[in-house]
Amino acid sequence: MALNVTLFAQAVVFAFLAWFTMRYIWPPLMSALGDREQRISAGLADADEGRRILKDARELQIGMMEENRRKAEEIVAQAQRRSTHIEEEARRKAEEVSKYIVAEGRAEVRRERAAARRELGSQLATLALAAAGRILGHEVNAKRHAGMLSELTREFPGGAGDIADGTS
Amino acid sequence: MAAEGQGGSDASAYIQHHLTNLSIGDGFWTLHLDTLLFSIVLGVLFISLFRYAALRAVAGVPGRLQNFVEVMLEFVEHQVRGSFSGRNRLMAPLALTIFVWVFLMNLMDLVPVDLLPWLASQGGVNYLKVVPTTDLNATFAMSLSVFAMVIYYNFRSKGLLGVARECFLHPFNTIFLAPFNLLLKVVEELARPLSLALRLFGNLYAGELIFMLIALLSLGRVLGDFAQLGPIALFVSQLLLGIVWSLFHILVITLQAFIFMILSIIYLSTAQESH
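First to last, the sequence lines map onto chains C and S.
All residue numbers for the first sequence refer to the numbering used here, where the first residue is 58 and numbers rise by one.
All residue numbers for the second sequence refer to the numbering used here, where the first residue is 217 and numbers rise by one.
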């Protein structure tokens, strides 16, 4: 049981074990631990960064959606204004055109009526001459009575003298 | 013990046999081969296992072995950092070595007390003590190594003058009481390695002794009346007592390894504090 040289042998073994641990075991394991610690903290930092970016992106997205909605509404409103405008324009033009057509139609009618009257007047004159000739027993010379005929024709209502009067 | 007569001498012979080291040499030059063999085998087991883990250590997801080794490392690192103010790259590895080596040596106490000696006797080796920490040489080897380091660090951090002042002017700060102060200091310093070594030795020695006594119970030679209960009762009682003591002993061996480590750290850290 007494102490003997075993003690020194044991001390040598102990010293060797401690030296070996310090030299070959502790450093690689500690560096692995340190590396992992760094990786974990870097990962956590990255996660935080990612979360922050995501939050920003969400805010941006919400902002953009709002903006887009606003723009869309504006466009719709603009389109509505424009369509109303176009409609009014079209109606206005259509009215114009219809007025023009109506006026044109009326002028045409008047012109035709005047032409018809003129025709009728001249035919009436011819007819009157023929009737007069028959009554008088001889032919009325158209050339000789040309002045009278044109006077008659002018007196005929609706003749060349009052074409402008469209109400009659 | 109540052992008497034939049974008593058998029992003491049994215990005596178990407490004898396998040794060569005489007197001071005696070498306890069993202590050396087991402590070296366990030490090599420790460093090869940890070295293997260290070689395969990755910063990524650790495997089972690496995890275990890292837990040990961080546990020791935490302890060292807790009581160590300065930086010394020997301290933590030293503490790890002490803890794991002492634990492994203590663990040999849980090997059935007669198994290895019996195997050895089959091979013609008559004496074998399997628990190195029940050998004072092993425990003193560590505590005196720590003591030597304490002395070295004391001189290194405080200088010759500082150490002298601590020896002669503490606790009584007068030159007239210098011899008394020195005496106190010597006692104080010597008490540390002594208590360190004897605590570990005593706990393990006693534990081993109790395993022997439990083993003796089944031999039926210790408690004469008890032996008449028959072999089955003896076997069961041996089994129960062995299990109970083993379970308790798991605590003891871990605790003793831890205590040895933590006290070494504390002694070494106080030695390195410069005032």
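Keep in mind that a hint or two might mislead.
[As the list claims (entries may be wrong)] Partial chain S-side listing against chain C, Cβ under 7 Å, derived: (1) I240; (2) F244; (3) S264; (4) L326; (5) N353.
[What the hints assert, rightly or not] A few chain C positions that, by computed beta-carbon distances, are all more than 12 Å from chain S: (6) P85; (7) R96; (8) E130; (9) A188.
Keep in mind that the hints were calculated from the coordinates and are not lab data.
These figures come from a predicted structure and were not determined experimentally.
Glycine is no exception: its CB is placed at the ideal position from the N, C-alpha and C atoms.
Here is how each hint holds up against the structure:
1. Among the interface hints, the one on I240/S is violated; its C-beta lies about 10 Å from the nearest C-beta in chain C, farther than the 7 Å criterion.
2. Below 7 Å, beta-carbon pairs count as interface contacts, and F244/S has one with chain C at about 5 Å; its hint therefore holds.
3. Against a cut-off of 7 Å between C-beta atoms, the interface hint on S264/S is violated, since the closest Cβ of chain C lies about 10 Å away.
4. Interface hint at L326/S: violated, since its Cβ lies 21 Å from the closest Cβ of chain C, which is beyond the 7 Å cut-off.
5. Because the beta carbon of N353/S sits about 4 Å from the nearest beta carbon in chain C, less than 7 Å, this interface hint is met.
6. With a minimum CB-CB distance of about 4 Å to chain S, P85/C fails to clear the 12 Å threshold, and the non-interface call is violated.
7. At the 12 Å boundary, the C-beta of R96/C falls inside the reach of chain S, the nearest C-beta of that chain being 6 Å off.
8. Residue placement check: E130/C keeps its beta carbon more than 12 Å from all beta carbons of chain S (closest about 54 Å).
9. For A188/C, the condition that its CB be more than 12 Å from all CB atoms of chain S holds, with the nearest at approximately 132 Å.
In the structure shown, a violation is registered for the earlier hints numbered 1, 3, 4, 6 and 7, in ascending order.
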